[in-house]
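Engineer: Let chain A serve as the given structure and place chain B on it in line with the hints.
There are 2 protein chains.
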Amino acid sequence: MADTVLFEFLHTEMVAELWAHDPDPGPGVSAGSRGEEAGSTTGQKMSLSVLEGMGFRVGQALGERLPRETLAFREELDVLKFLCKDLWVAVFQKQMDSLRTNHQGTYVLQDNSFPLLLPMASGLQYLEEAPKFLAFTCGLLRGALCTLGIESVVTASVAALPVCKFQVVIPKS
Amino acid sequence: MADTVLFEFLHTEMVAELWAHDPDPGPGVSAGSRGEEAGSTTGQKMSLSVLEGMGFRVGQALGERLPRETLAFREELDVLKFLCKDLWVAVFQKQMDSLRTNHQGTYVLQDNSFPLLLPMASGLQYLEEAPKFLAFTCGLLRGALCTLGIESVVTASVAALPVCKFQVVIPKS
Numbered sequence: 001m002a003d004t005v006l007f008e009f010l011h012t013e014m015v016a017e018l019w020a021h022d023p024d025p026g027p028g029v030s031a032g033s034r035g036e037e038a039g040s041t042t043g044q045k046m047s048l049s050v051l052e053g054m055g056f057r058v059g060q061a062l063g064e065r066l067p068r069e070t071l072a073f074r075e076e077l078d079v080l081k082f083l084c085k086d087l088w089v090a091v092f093q094k095q096m097d098s099l100r101t102n103h104q105g106t107y108v109l110q111d112n113s114f115p116l117l118l119p120m121a122s123g124l125q126y127l128e129e130a131p132k133f134l135a136f137t138c139g140l141l142r143g144a145l146c147t148l149g150i151e152s153v154v155t156a157s158v159a160a161l162p163v164c165k166f167q168v169v170i171p172k173s
Numbered sequence: 001m002a003d004t005v006l007f008e009f010l011h012t013e014m015v016a017e018l019w020a021h022d023p024d025p026g027p028g029v030s031a032g033s034r035g036e037e038a039g040s041t042t043g044q045k046m047s048l049s050v051l052e053g054m055g056f057r058v059g060q061a062l063g064e065r066l067p068r069e070t071l072a073f074r075e076e077l078d079v080l081k082f083l084c085k086d087l088w089v090a091v092f093q094k095q096m097d098s099l100r101t102n103h104q105g106t107y108v109l110q111d112n113s114f115p116l117l118l119p120m121a122s123g124l125q126y127l128e129e130a131p132k133f134l135a136f137t138c139g140l141l142r143g144a145l146c147t148l149g150i151e152s153v154v155t156a157s158v159a160a161l162p163v164c165k166f167q168v169v170i171p172k173s
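Top to bottom, those sequences are chains A and B. Here the first sequence stands for residues 1 to 173, where the numbers follow UniProt numbering. Here the second sequence stands for residues 1 to 173, where the numbers follow UniProt numbering.
To be clear, the hints were calculated from the coordinates, so they are not data collected in a lab. Just so it is clear, CB atoms sit at the ideal spot from N, CA and C, and this is done for glycine as well. Do not take every clue at face value.
Unchecked claim - Away from chain B, derived, C-beta distances all over 10 Å, residues of chain A:
{"no.": "1", "residue": "Glu13"}
{"no.": "2", "residue": "Glu17"}
{"no.": "3", "residue": "Arg65"}
{"no.": "4", "residue": "Leu77"}
{"no.": "5", "residue": "His103"}
{"no.": "6", "residue": "Thr106"}
{"no.": "7", "residue": "Ser113"}
{"no.": "8", "residue": "Met120"}
{"no.": "9", "residue": "Gln125"}
{"no.": "10", "residue": "Gly149"}
{"no.": "11", "residue": "Pro162"}
{"no.": "12", "residue": "Gln167"}
Unchecked claim - Computed Cβ-Cβ distance ranges for the label pairs, DEER-style:
{"no.": "13", "chain 1": "B", "residue 1": "Pro119", "chain 2": "A", "residue 2": "Gln125", "range": "57 to 65 Å"}
{"no.": "14", "chain 1": "A", "residue 1": "Lys85", "chain 2": "B", "residue 2": "Asp97", "range": "35 to 43 Å"}
{"no.": "15", "chain 1": "A", "residue 1": "Leu118", "chain 2": "B", "residue 2": "Val163", "range": "37 to 45 Å"}
Next up, chain A with everything else stripped away, as it sits in the complex (with noise of 0.2 Å):
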């Protein structure tokens, strides 16, 4: 039946919730495609952030139920190959569209029609309102890159709906 969206439900339901108790929504978003860091008001911006870390502590717990060899990745790329595909199944049912890297750290996660913005209408005019639909997945991939041992940075960019480019940045350690 329906339990592939319920996901989505209490998703598109927590970002509404968290706007709805937003203590300054100001005049509304300015910035354009950024995830993170878009939502000019500081209440906007702690929103995005209790989203992130949201997503943060259910990708750190997804993570621990990997199974346990996938814990013995050795190189950065399988395990971001192992978020764009068995992740984004288990969280999206599909995987990543596309995955290139830098080969110094960077990691550019392409989802061609993400899931999460699919209710909005495609086009140019809600560009604006994305970033709040992309802060908690870029939280999810934070916390099970986290579990996996690998400190990042994740944000998230959208040029055209319903494409979304996740950037994973990993500091050399």
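Structural biologist: Same frame as chain A, now just chain B:
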């Protein structure tokens, strides 16, 4: 992989987040095992109400995705049976354990191992924490019933973890 637990992780985070933002957490929940009535402070009551509201809207949305023939249920009892079986499986991957009614609009749905209570240790010492893990699901049932054309009042009670009873009262029309 971990997709079946995604909802549960997200629900846990949602409860934690709402309680963290509780403006007046007070000295502790003083009420006992009644679902909606527990939570002695205004802040906690508000958080329960927010969770119930989120559950209601998710329940409505799930209800709208039901197969069309479902909407043709004529008997109230059929609708309740449907919730106990199909809705419960969709959300919790298990059926409700029992359904009883007084044939006067009151139904008691019992889950002997309610998944959202399972992470808590069994025993009496955590009983007072239970209501916040039940409010969303009360709303979920009320929302699904609403989509199926039935107005109701749904409360939950726990006598011993993780056994949970949901009471659905349908006012005579």
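Engineer: Next step is simple, just say for each hint if it's right about the structure.
Structural biologist: Results of checking the hints against the structure:
no. : hint                              : result
1   : Glu13                             : 4 Å, violated
2   : Glu17                             : 6 Å, violated
3   : Arg65                             : 5 Å, violated
4   : Leu77                             : 20 Å, holds
5   : His103                            : 28 Å, holds
6   : Thr106                            : 26 Å, holds
7   : Ser113                            : 18 Å, holds
8   : Met120                            : 16 Å, holds
9   : Gln125                            : 24 Å, holds
10  : Gly149                            : 18 Å, holds
11  : Pro162                            : 19 Å, holds
12  : Gln167                            : 23 Å, holds
13  : B:Pro119 <-> A:Gln125: 57 to 65 Å : 42 Å, violated
14  : A:Lys85 <-> B:Asp97: 35 to 43 Å   : 37 Å, holds
15  : A:Leu118 <-> B:Val163: 37 to 45 Å : 39 Å, holds
The structure does not agree with the numbered hints 1, 2, 3, 13 stated previously, though it agrees with the rest.
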